[in-house]
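Visitor: In case you want the letters, here they are:
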Amino acid sequence: MKLFLTLSAFTILIIGCNEPSSPSDYQKEVVVDGILVAENPIDSIDLHWTGEIDKFYDPASYAITNATVIITGVGFSFEDSLVHHSGIPGRYVTSDTTKKIVPTRTYALTITLPDGKMITGMTTVPDTFSIIASTLKNNDTVKYDTKAPLNTFEWSDSKFQGTYLPTLASLDDNAALIPKFFDRDTINNPKPSKIGYRIGLPKNQTNTILPWLFFNYYGSILCDIYAADDNFTDYLIQQNGGGELNQTRYRLNGAIGVFGSVARAHGTIKIYLTP
Amino acid sequence: MIKIFSFFFLTLHSILFSAPAITLSGFVTDKANGESLPFANVYIKELKIGAATNIDGYFAIPNVPEGEFVVQVSLLGYRTQSFTINTVNGKNVVRNIQLTDQSVQVNEVIISGEKEEELRTTQTGRIVMQAKDIAQLPTIGEADVFRALQMMPGVKAVSEVSSGLNVRGGSSDQNLILLDGTVVYNPYHLFGFFSTFNNDAIKDIDLMKGGYPAEYGGRLSSVLNVTNIDGDRVNTHGKASISLLSTRVTGEGPLGNGSWFLSGRRTYFDQIVSIAKLDTGKDALPLYYFYDANLKINQDFGQNDKLSLVSYFGQDDLRWSLGNNDISIRMRWGNRTNALNWTHLFSQTLFSNFTASYSYYKANTVFDFGQSFSQVNSVEDYSLKGDIDFFVTNDHLSKIGVWWSQYKITYTQTGDGEPYLFLERPAQIAFYAQDNWTIDERWITQFGFRVEYQDLTKKILLGPRFNIRYNLDEYSSLKFATGLYYQFLNAVPAGNESGFSPFDIWVPIDERMNASESYDFVLGYDTKVFEGYSITVESYYKKMIDLLQFKREFTDTKEVSELFNVGSGRAYGVEVFVQKKIGDLTGSIGYTLSWTHRTFPSLNNGIEFYPKYDRRHDISLAGNYQLNEHWRLSAVYSYATGQGYTMGVGRYDVNFIGNQEEKTLAGPLYNRRLAPYHRLDVSITKQTTFFGLKGSWYFQIYNVYNHKNVWFKQFDESKNPTEVTDVKLLPIIPTFGIDFQF
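In order, the protein sequence lines correspond to chains A and B. Note that this note's numbering gives residue 109 to position 109 of the first sequence, counting from 1, and the numbers run on in steps of one. Note that this note's numbering gives residue 1064 to position 64 of the second sequence, counting from 1, and the numbers run on in steps of one.
The hints are simulated quantities; they were obtained by calculation from the structure and are not laboratory data. Just so we're clear, the structure is a prediction, and the values are computed from it rather than from any experiment. Heads up, the beta-carbon is just placed ideally off N, CA and C, and yes, glycines get one too. Hints may contain errors.
Pair by pair, the computed Cβ-Cβ distance ranges are [said to hold, decoys possible]:
| id | chain 1 | residue 1 | chain 2 | residue 2 | range |
| --- | --- | --- | --- | --- | --- |
| 1 | B | R1512 | A | S61 | 40 to 50 Å |
| 2 | A | L113 | B | E1662 | 32 to 42 Å |
| 3 | B | E1661 | A | T152 | 46 to 56 Å |
| 4 | A | I88 | B | I1272 | 52 to 62 Å |
| 5 | B | E1559 | A | V102 | 42 to 52 Å |
| 6 | A | I88 | B | A1276 | 53 to 63 Å |
| 7 | B | Q1714 | A | L113 | 33 to 43 Å |
| 8 | A | R249 | B | L1307 | 35 to 45 Å |
| 9 | A | K28 | B | Q1130 | 30 to 40 Å |
| 10 | A | T112 | B | P1601 | 28 to 38 Å |
| 11 | B | E1662 | A | D43 | 13 to 23 Å |
| 12 | A | R249 | B | I1329 | 30 to 40 Å |
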């Protein structure tokens, strides 16, 4: 009996040493970054390699500079062969700024790398729309009050949108983002910050009320409402894990990143702080 | 199906109205307080027949021949009692037996009592613990049921700051948790740090890790029965405990032809913060407390009827004002359960139990920052349950039952725009029948089946169960169990699976989904060949189908089916448990070697992966040493393979609509392991008196050598290079407290 138990214990310890394998950390992937804007020429498609996470990432060092990048119309006549921007490594820009992106049309992206590897993606551009109501009119002002709604934006509907993405950006050099969880010291000593956006509006919701939970501004504010296509929407709605990493779904063949499209409407308001 | 039930009802009829054989029956209770004693062994040695008491302490031994026999009643921790019955007059014998507690004595007879009880059960993977066993384990702040269970092989914690249980590769919502027969949906306090069960109110807990019988269903992995104390039927008395975390008070005593029991506890962190005025200003602390209360009233109506009323009420409450009151956060969550239980003896061989219960769980979170954001999830469960035990012959103990539940499940989220809500009212009914058949002295089987129906899916599902035991000799046995199980309700972890249970959202499956399903095979060996020790070795394989995993996406869908990824899983492993229950030095060693896998077509490129809570090795050592009648030392040591985490395998930037985002490319899911987890806790307890009141004080140290265990890896993608830090678990924490009786 004792021998049986001893052998059993030994056997299971040996078996248990079989841990999950740990593949190499670095995974070299092509990153595509390009959003088409309805009624605008193609802005750019950026191409880079991924870098190692424990090394400083300078996009220029990882730029893909000699790829062939073509955007074509699906079911209609359109082709634009993008050219590499001489001043920004990895950026491909249109060769013809007269070619505008047509709302509700579908566009295909084809990238060919020097080694012959092909990357493809496709997007259907949302229809144009506009802001139809705002509590504040352009250049109106309101006093910042944390306990009351500041402004309501309402916009018309857009076809082919996956979600609406309202964004706020400060137009003043000395104004900044005020995250709501910061105290008055932060308000008095604001630090310049990035654009804030509101993810997760229900698909057909066509209004938003300021302030938002994490993003509030004072000063002159530009509010852009984007109608995002399904690709961009799918990228936006994926949550991170509160500091832990979650896998992201990419709607590209042969690469990671985003190839999507938006339509845009915008308005501005001005908010002052209470003393 | 109708034929099967007809068979059982015909059997019932024949038992009720056929010519009776002599039956010995009765209740086994604790002499000191009248508490019923489940799992006691009643044995007629000359006839080699016997029975174990059920959860209400009832036993029946049918078909006793005419004659004079010695009956032995035994239960671990109690003095074995013998008495003589005389059945020459051909009449049934009813004998209620009171056992005397002898928990600290080393006694040959006590060992024998446990051995014989153990040789009857076919249940695999069973852990039964008394409240006093739980109380002896060193812990942090409060003795806790779930934390005690996490010491057992096959039971793992979601994390150290969570009392959620992962049983044999299952997720924490796959456990059916019953408080005196009523389902408790979110049995956690303090964001999952403690279970909702006050150890002072508990009589015993009974966990079945797999291969559980047909009388239970609705969950894929395990069943945990928590039984509250009935109340002292002899004397009125009380107990109070004061620790750094909370104050607990219990009272109990006789009432009419029965007893009452009342227990409550409350934490006082909020009071300390408020008195110290730490709840305002720039670095305001939250005002947080929880409380719970248990009430139980028992009444006997003659020999054949017992009624009991069981109530539980628990609530967590957090209020937090930030940024000079610019923002306020209020979170409240809790459970309420009420149950009326009627135990009726139709005859000596026909024992029944009927329960009407109501269970309510609600979690409410409100952020107020000029506009309000709120999230409310609630589950209401109205259930009727009936179970009938037939002591058919000495060889057969049959059981049938029905369990009907009507649910009301809501989820509401309000913020800007239209509120998002869903309301589901599924009803569910289950029937079961099972039979324990003692074939001979070596072979014992239990076969059962369970039929379940939920009206949203409109499917009838059949879950067969089978257990068999082979006694190798008087000390050792082999067991095998298998079963098919279904689950219609799931708790969605709304956090990052780190165990903050108040954010979990209960949702039912609907007509577009399949009930989650699992089957398992368990093979076990247990022996008491070494005197004073019990050794159990079990291996298991479990397959899970139609598992649900919450999509980590911002979504506005009102279709429950769109909230989830659907996949499958499998788990297998070996568990070894060595226990020493008697003597001055008692304790246990538990070891688990296990593998848990998940496969979701929409995750990890469809490749099978180890979920976060998969741990290869898990070792727990627990020891109690009674130095003398006043002093006791206890220690617990845990070691486990680190949990999985997803490593970053690349870094990139994206620029869209004027916004630059630094991103980290996630590698294969949970392909890396955190450093192994280990921790030692110790405590010392002294029995003493306080102002003439009998009591004790204790001093405990949690994580004695202050090991910096890792909770999870945090990736700060905004830093360049990506900053990866270890978020640590709890450091060394000393606590103390006193208990006294009045």
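Visitor: Next, verify each hint and record whether it holds.
Guide: Hint-by-hint comparison with the structure:
no. : hint                         : verdict
1   : B:R1512 - A:S61: 40 to 50 Å  : 49 Å, holds
2   : A:L113 - B:E1662: 32 to 42 Å : 24 Å, violated
3   : B:E1661 - A:T152: 46 to 56 Å : 28 Å, violated
4   : A:I88 - B:I1272: 52 to 62 Å  : 58 Å, holds
5   : B:E1559 - A:V102: 42 to 52 Å : 33 Å, violated
6   : A:I88 - B:A1276: 53 to 63 Å  : 56 Å, holds
7   : B:Q1714 - A:L113: 33 to 43 Å : 34 Å, holds
8   : A:R249 - B:L1307: 35 to 45 Å : 57 Å, violated
9   : A:K28 - B:Q1130: 30 to 40 Å  : 59 Å, violated
10  : A:T112 - B:P1601: 28 to 38 Å : 30 Å, holds
11  : B:E1662 - A:D43: 13 to 23 Å  : 20 Å, holds
12  : A:R249 - B:I1329: 30 to 40 Å : 32 Å, holds
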